[in-house]
Amino acid sequence: MSVRRDRRDKIASLSVQVGFLVALVALWYLGTAYWGISRILLPNPVNVWAELKDILASGEYLPDLRVTLTELAAAFAISCTAGITLGFFISRSPYLIKVFEPLLAGFYSVPVILFLPLYVLFFGLGPGSKIALGTTISFFPIVLNTIAGFGYVDKIFITAARSMGASDFQMFRYVLLPAAFPVILTGLRMGFTVALLAILGSETIASLAGLGHRIVHLAEAMETARMFAYIAFVVVIAALLNTAMSTLERRAKRR
Amino acid sequence: MTTGDVAIHVRDVSHQFGEPGDAQFVQALQHTSLDIARGELLCLIGPSGCGKSTLLNMIGGLLTPTTGTVEVSGKPVRGPLPHDIAFVFQENALFPWCTIIENVKLGMVFQGVPKAEQEPRARKALDAVGLKDFMGHYPAQLSGGMRQRAALARALSLETGTLLMDEPFGALDEQTRMILGEDLSVLLSTTGKTIVFVTHSLGEAVFLADRVAVFSARPGRIKEIIAVDEPHPRKPSFVTTEKFSRLRNTLYELLHEEIRKAVEQSATVVA
Chain E
6 MSVRRDRRDK IASLSVQVGF LVALVALWYL GTAYWGISRI LLPNPVNVWA ELKDILASGE
66 YLPDLRVTLT ELAAAFAISC TAGITLGFFI SRSPYLIKVF EPLLAGFYSV PVILFLPLYV
126 LFFGLGPGSK IALGTTISFF PIVLNTIAGF GYVDKIFITA ARSMGASDFQ MFRYVLLPAA
186 FPVILTGLRM GFTVALLAIL GSETIASLAG LGHRIVHLAE AMETARMFAY IAFVVVIAAL
246 LNTAMSTLER RAKRR
Chain V
682 MTTGDVAIHV RDVSHQFGEP GDAQFVQALQ HTSLDIARGE LLCLIGPSGC GKSTLLNMIG
742 GLLTPTTGTV EVSGKPVRGP LPHDIAFVFQ ENALFPWCTI IENVKLGMVF QGVPKAEQEP
802 RARKALDAVG LKDFMGHYPA QLSGGMRQRA ALARALSLET GTLLMDEPFG ALDEQTRMIL
862 GEDLSVLLST TGKTIVFVTH SLGEAVFLAD RVAVFSARPG RIKEIIAVDE PHPRKPSFVT
922 TEKFSRLRNT LYELLHEEIR KAVEQSATVV A
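Going line by line, the protein sequences match chains E and V. Counting in the working numbering, the first sequence runs from 6 upward without gaps. Counting in the working numbering, the second sequence runs from 682 upward without gaps.
Hints are not guaranteed to be accurate.
As the list claims (entries may be wrong) - Pairs of lysine to aspartate or glutamate residues, derived as DMTMM-like cross-links and limited to a Cα-Cα distance of at most 25 angstroms, are as follows:
hint : chain 1 : residue 1 : chain 2 : residue 2
1    : V       : Lys904    : V       : Glu752
2    : E       : Lys258    : V       : Asp765
3    : V       : Lys924    : V       : Glu840
4    : V       : Lys813    : V       : Glu800
5    : E       : Lys103    : V       : Glu700
6    : V       : Lys756    : E       : Asp173
7    : E       : Lys160    : V       : Asp765
8    : V       : Lys916    : V       : Asp854
9    : E       : Lys258    : V       : Glu772
10   : E       : Lys160    : V       : Asp864
11   : E       : Lys103    : V       : Asp765
12   : V       : Lys904    : V       : Glu783
13   : V       : Lys796    : E       : Asp173
14   : E       : Lys160    : V       : Asp716
Simulated from the structure, these hints should not be mistaken for lab results.
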């Protein structure tokens, strides 16, 4: 009974969500087609759709997508390596945890985007400054979750393994790693999400290529319909990437 | 008792946490000596904080005594001796990310049992504690009593001469404790293991033990050792005998005063 009711509730809320989006698009259409909203400020959704089809068919988006994804991959790889390594070493000593955890948590709350001008000075307008920003911003959730994962493993598990003769490697492989894994994974997902945000954002501020750059370029050329089409494209890409990350996280945690 | 019969030698051990004068200084156990015979089941009972778990951890090599020495099977204990000593801890010591049989096998991996032997030994141990049908379950899917059976199976599969149990049934309800105690008595009577068992329960101590060591309040020392002198495996009806009540009453009288002292101590600490 309750399973069926759960399903019904789910369908009901889903239909409200879909209805809301449909209403929004309908308002958008009516506003631009009949209520005289400026087409330069807000293009007609039909035009946007036509532009999106053109972008996808021509493959024009490919170079920019490649730039953005490469920046993301590089930033995420660096912050994973650095964050997990550093987090593990800090987690090995209660003293280091006491010193560094609050410090890193403090840095985490700094709006890192403010470092973009500095990074542009250091690394130029190209991918370098985007990678640096993405790395900086995703490093903190990863290192903090790694410290939390390895540093707060229940002592009884360690004592039990020690009493049965576990070597240092076995302790790591069979006790610390599986205990910390789900927590680290959450950190990786959070890091990934903010890295993507930071890279797209910084591309819109100061860049030579990338999806964010393309969107600003179109806005400056007053090609708002095409710009909206690109925004929709990026939203879909971002949603796909984040869903893939969340799915990976859920899969790995399920046991 | 000849020396050949002694499995565990405890010589004049003390343990303190911190240094005298520290705010955190605690004299957990002072100058305790004890011989435990091979195949004997000894219960340690006493008020909270009297050092009975400390003594158990020192026997098992998880804590180093401040003074004195411990020998198990003639070897001085300086750290864990996984081939001689197995532990059963309180409820939560199974690895939650492993199934029950993986938990048992992992113990053998740590101890260094050849891979081919792990599976049959794990199955045998789980069968012995009645968990044959739950080998593929995760600890979170089992009741507290079943988890403790699994923890016992993990310890049994290690085939050590000595088993140290630190309030293994402490987190369980009275009925589950009773059944597990009865099963444990039957199971252990066939293994010939030397067992040290820490408990808070007077009835559990009398029902399981060959001897019961009663601790005084902190700083802990052994106040008296009571022999139970009843063959294993013990029948459930042992609980209803006059002998059982007499022994239980003796323990109660010995403990009552110490528990009161311990409670007053903790009250002063708070004040």
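Handout entry: Hints the structure fails to honour
Key = 2, 3, 10, 11, 12 and 14
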